[in-house]
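Asks: Here is how the chains run, residue by residue.
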Amino acid sequence: MNDERIRQRLREGDPVTGESGLTPGEVRAMRRAVLTAAPEPRRRLLPMLALAGAATAAVLIALFALRPGSVQPPAPARVAAVPARPPEPQAPRISASPVAPPSRGENKQRPAHRRRHLRAAPPETATLATLEPTGNPPEEPGARQIQFSTPGGTRIIWTLTSGKASR
Amino acid sequence: MNAPLTTSAILDTSRQGTPERLAGLFDAHHQRLFRLALRLSPDREEAHDLVQEAFLRAARQPSSVPDGAEEAWLVRTLVNLCRDRYRRLGVRSRAHESLRREEERVHPEAAAVARATVRAALARLAPRRRAVIVLHELEGMPAREVARLLGIAEVTVRWHLLTARRELARVLLEDRR
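Residue numbers (our numbering), protein chains in the order written: chain E, 1 to 167; chain X, 1 to 177.
This is chain X alone, in the form it adopts within the complex:
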């Protein structure tokens, strides 16, 4: 499910012109970024917007995308976009709770309920912490790789993991009651 993070195609495209490089970046990473955005955002539409906005930032400032670390830059940009939206939504928990209730009503199957529960639980986390727990627990990345992608220290990643697990345990236990 997880695509390789670095590809030789990206290194090759980094030596080409801006449109060719951008097209190579998009072709190599759009599906993986979309999966990550689905896990970080409350719904599919927002995930779509997040991915497009991340690539648009790369298109508007191609010089800011470092050669050889394009995917890390894209992931960091995606997480930062999530943080921006998170800050803008002052009533995020209530909004996500209403979203979960709506999804449970429309899709009453157990899998859908489980998805809505997890999505709501993840939405309670701060964006960076959410990204850390998603990359580590759902995408199976080691903490060192998560630290490299997000541009933070490995010890910070471990601290986010610890805190996120506590918060998720509390939220999931509350949901069981």
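Next comes chain E alone, as it looks inside the complex:
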């Protein structure tokens, strides 16, 4: 039996001959089964997207909370009662008290309770004003002296006597 005869026999008995193929009902059922088995990408992606969003939010919150610039030092107190400390030799010091008259001559007519302005070296810190204790405590009991120094170097001294504030 040669090749041509075999081919002829095969075509005579081709299993497809007389077959009508899949019926429309079979096609519909098979198509539905196949498409039902297909994974749905949206449902697969949804949890992943939610997880990625949550992770991103957590990272952003952590970065914001741990950023070095976000931790600011506490602002210095602008006015505070500071205990007395030893006098500084270089800083000009004025001790004005009602009991101690001013030492310079141009200030002789000024009352002791008046505010005095002295130009001093600017402080190192950029605080608006600092309170420094006077080197000479008031001699009169009940008198109290408060000194301010502004960032520009101006020093302000208040003297409080006998429970009454005077400027």
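In case anyone wonders, no lab produced these hints; they're calculated from the structure.
In this text, a Cβ means the ideal position worked out from N, Cα and C, and glycines have one as well.
Take these hints with a grain of salt, some might be off.
What the hints assert, rightly or not - With the Cβ distance kept under 8 angstroms, some of the chain X side facing chain E (calculated, not the full set): (1) H30; (2) L38; (3) R39; (4) Q52; (5) R115; (6) T117; (7) R119; (8) T163; (9) R165; (10) V171; (11) L172.
What the hints assert, rightly or not - According to the in silico footprint, chain X covers these stretches of chain E (three or more CB under 8 angstroms from chain X): (12) 2-11; (13) 16-24; (14) 28-35.
Here the structure of chain E is known, so what remains is to put chain X in place on it, guided by the hints.
Replies: Only chain X this time, still in chain E's reference frame:
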């Protein structure tokens, strides 16, 4: 009878989402795959199951179906499914012989007898060899195209053709006696 192997519709659907691509694959290839399955399997029910299983594999792993070579992938999957079933049926020749006898009894016409004879003869071949002889002799594909579809070398296709013809000649001569 034979549908074109590659269609522009498939290339278009390959760029769509998975369900749309799968629907395009099914619509373009299900009839042709069913004809091939009818030639490779002993009966219509098994052909139906083979086609459905091939498409189900494409549905479960859509990324394994290469773009532009969808039909070759489907044909290879179908042939592999045939091989799996062939291996599972240890008594395949006797089963197919009994099937042929049953079909001859139910349909005694000459055409039916011829179909049963050819089907039984094809069933004696190994699945890949059966696929090669079916694609070449019954579907009229050149050996190069058969090699491309099955993912094997062309020389292997020619060797399968030679061997399959010898086996078929022997079986068909035995059937004449």
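Asks: Each hint should be assessed against the structure and marked as holding or not.
Replies: Each hint tested on the structure:
Restraint check, H30/X versus chain E: the minimum CB separation of about 7 angstroms is within 8 angstroms; hint holds. The interface hint given for L38/X is met, as the beta carbon of that residue sits about 5 angstroms from the closest beta carbon of chain E, less than 8 angstroms. A distance limit of 8 angstroms between C-beta atoms decides the matter here; for R39/X the minimum to chain E is near 5 angstroms, and the interface restraint holds. At its closest, the beta carbon of Q52/X sits 5 angstroms from a beta carbon of chain E; the interface hint therefore holds under the 8 angstroms criterion.
Interface hint at R115/X: satisfied, since its Cβ lies 5 angstroms from the closest Cβ of chain E, which is below the 8 angstroms cut-off. Given the 8 angstroms rule on beta carbons, the hint for T117/X holds: about 5 angstroms separates it from the nearest Cβ of chain E. Using the Cβ-Cβ criterion of 8 angstroms, the hint placing R119/X at the interface with chain E is satisfied: the shortest such distance is roughly 5 angstroms. Hint status for T163/X: violated, given a least beta-carbon distance of 12 angstroms to chain E, over 8 angstroms.
For R165/X, the shortest C-beta to C-beta distance to chain E is roughly 5 angstroms, which falls under 8 angstroms, so the interface hint holds. For V171/X, the shortest C-beta to C-beta distance to chain E is roughly 10 angstroms, which exceeds 8 angstroms, and the interface hint is violated. A least Cβ separation of about 6 angstroms between L172/X and chain E falls short of the 8 angstroms threshold, and the interface hint therefore holds. Judged by the Cβ-Cβ criterion of 8 angstroms, the segment 2-11 of chain E is covered by chain X as claimed, because 6 of its residues qualify and three suffice.
Closer than 8 angstroms: that is the beta-carbon criterion, and the segment 16-24 of chain E has 6 residues meeting it against chain X, so the requirement of 3 holds. A stretch counts as covered by a chain when three or more of its residues have a beta carbon under 8 angstroms from one of that chain; for the segment 28-35 of chain E and chain X the count is 5, and the coverage holds.
In summary, the numbered hints that this structure violates are 8, 10.
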